[in-house]
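A.B. asks: So you can see what is in the structure, the chains are spelled out below.
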Amino acid sequence: MPTLPADMVVPVFMGGASARIDADVVAKFKAGDEVIARNLNPAGHTRLPRYLRGKRGTIHKVHGVFGLPDTMAHGGSETPQNVYSVRFTARELWGDDASARDSLYVDMWDDYLDSA
Amino acid sequence: MNGIHDLGGMHGMGPIDAETDEPVFHADWERRTFALWTAAFAGGLFNDNESRHAIENVAPAQYLAKSYYEHWLHSLERVLVNKGQLERAELEAAWSKVEEEAA
Numbered sequence: 064m065p066t067l068p069a070d071m072v073v074p075v076f077m078g079g080a081s082a083r084i085d086a087d088v089v090a091k092f093k094a095g096d097e098v099i100a101r102n103l104n105p106a107g108h109t110r111l112p113r114y115l116r117g118k119r120g121t122i123h124k125v126h127g128v129f130g131l132p133d134t135m136a137h138g139g140s141e142t143p144q145n146v147y148s149v150r151f152t153a154r155e156l157w158g159d160d161a162s163a164r165d166s167l168y169v170d171m172w173d174d175y176l177d178s179a
Numbered sequence: 002m003n004g005i006h007d008l009g010g011m012h013g014m015g016p017i018d019a020e021t022d023e024p025v026f027h028a029d030w031e032r033r034t035f036a037l038w039t040a041a042f043a044g045g046l047f048n049d050n051e052s053r054h055a056i057e058n059v060a061p062a063q064y065l066a067k068s069y070y071e072h073w074l075h076s077l078e079r080v081l082v083n084k085g086q087l088e089r090a091e092l093e094a095a096w097s098k099v100e101e102e103a104a
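Chains as they are written, first to last, in our numbering: chain A, 64 to 179; chain B, 2 to 104.
Derived by calculation from the structure, the hints in this document are not laboratory data. Each residue gets a CB set at the ideal place from its N, CA and C atoms; glycine is no exception. Hints should not be assumed to be uniformly reliable.
Derived CB-CB ranges, DEER-like [what the hints assert, rightly or not]:
1) Ala94/A to Ala90/B: 48 to 58 Å
2) Ala94/B to Arg116/A: 35 to 45 Å
3) Ala94/B to Ala161/A: 48 to 58 Å
4) Ala106/A to Gly9/B: 17 to 27 Å
5) Gly9/B to Pro65/A: 29 to 39 Å
6) Glu100/B to Gly95/A: 53 to 63 Å
7) Thr39/B to Ser178/A: 33 to 43 Å
8) Ile99/A to Glu101/B: 49 to 59 Å
9) Asp177/A to Trp96/B: 43 to 53 Å
10) Ala104/B to Ala106/A: 35 to 45 Å
11) Leu103/A to Ile5/B: 17 to 27 Å
Some chain B residues judged to face chain A by a derived CB distance under 8 Å, without partners named [claimed, not checked]:
12) Asp7
13) Gly9
14) Ala43
15) Gly45
16) Phe47
17) His54
Listed next, the stretches of chain A that the computed footprint assigns to chain B, with coverage defined by at least 3 CB atoms under 8 Å from CB atoms of chain B [stated by the list, open to error]:
18) 93-106
19) 112-118
Can you make the complete structure from the sequences, with help from the hints?
C.D. replies: Structure representation (structure tokens):
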């Protein structure tokens, strides 16, 4: 595990720091692409919320390359891959009673998504 | 994991009760918990994903009943035991001492 030098601790905790990885990994999707969140149910850690699984969304923005929490939480490799802001409409998630004006933007890793 | 932490979309949890002029820490032990976690994290003993997963492993009823920094403390203890930095017996002895002092 990398250490954080003493002189970096206060700046990182006060101002935050990006976990973006400087790796040349090709993005599977681009802005505007339609995607479906995979129905994954790992026994370990994931950042894929239950209410998104199997739901259809649209890539809003490509954030760049980050480590995959699902492997990093269990002593595994970083599994670097692209992360996206994905837009899901409230109606897609909660049905016809939800507001037609509302959407949820969720950060999603490549491994969480299939092409729709 | 499909745990209690994944609350999105659940009903019946009530409104978020925002505290006016909320202090960063509500008690000194919270400040110390934050400092211990930060020192251990900066020292490279674990990554943030491991820490989050340890919080997810808090027993469901406890998860809902305990406070934010109690989750942090639980996570720190669990991760340090898992990594062999802390003996379970050491931890239990420390907690027994706390309970004796509180009694």
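A.B. asks: So, for every hint listed, does it hold in this structure?
C.D. replies: Here is how each hint holds up against the structure:
Hint check: Ala94/A to Ala90/B, Cβ distance near 54 Å, so the stated range 48 to 58 Å holds. For the pair Ala94/B and Arg116/A, the supplied restraint of 35 to 45 Å holds, since their beta-carbon distance comes to about 43 Å. Against the hinted window of 48 to 58 Å, the Cβ-Cβ separation of Ala94/B and Ala161/A comes to about 52 Å, which satisfies the hint. In this structure the supplied range 17 to 27 Å holds for Ala106/A paired with Gly9/B, their Cβ-Cβ distance being about 19 Å.
The hinted range of 29 to 39 Å is satisfied by Gly9/B and Pro65/A, whose Cβ atoms lie roughly 31 Å apart. Range check, Glu100/B to Gly95/A: Cβ separation about 58 Å, and the 53 to 63 Å hint holds. Between Thr39/B and Ser178/A the CB atoms are about 41 Å apart, so this pair conforms to the stated range of 33 to 43 Å. For Ile99/A and Glu101/B, the Cβ-Cβ distance of about 56 Å falls inside the hinted range of 49 to 59 Å, so the restraint holds.
In this structure the supplied range 43 to 53 Å holds for Asp177/A paired with Trp96/B, their Cβ-Cβ distance being about 46 Å. A C-beta distance of roughly 39 Å is found between Ala104/B and Ala106/A, which places it inside the suggested range of 35 to 45 Å. Distance hint for Leu103/A and Ile5/B: a CB-CB separation of about 18 Å, consistent with the stated range 17 to 27 Å. Of the supplied interface hints, the one on Asp7/B holds, with its beta-carbon coming within about 5 Å of a beta-carbon of chain A, less than 8 Å.
Because the smallest distance between the Cβ of Gly9/B and any Cβ of chain A comes to about 5 Å, under 8 Å, the interface hint for this residue holds. Residue-level restraint check for Ala43/B holds (minimum Cβ-Cβ distance to chain A is 4 Å; threshold 8 Å). This hint holds: Gly45/B has a C-beta 4 Å from the nearest C-beta of chain A, less than the 8 Å allowed. Using the Cβ-Cβ criterion of 8 Å, the hint placing Phe47/B at the interface with chain A is satisfied: the shortest such distance is roughly 6 Å.
At its closest, the beta carbon of His54/B sits 4 Å from a beta carbon of chain A; the interface hint therefore holds under the 8 Å criterion. A stretch counts as covered by a chain when three or more of its residues have a beta carbon under 8 Å from one of that chain; for the stretch 93-106 of chain A and chain B the count is 3, and the coverage holds. With 3 residues having a Cβ less than 8 Å from any Cβ of chain B, the stretch 112-118 of chain A passes the three-residue criterion, so the hint holds.
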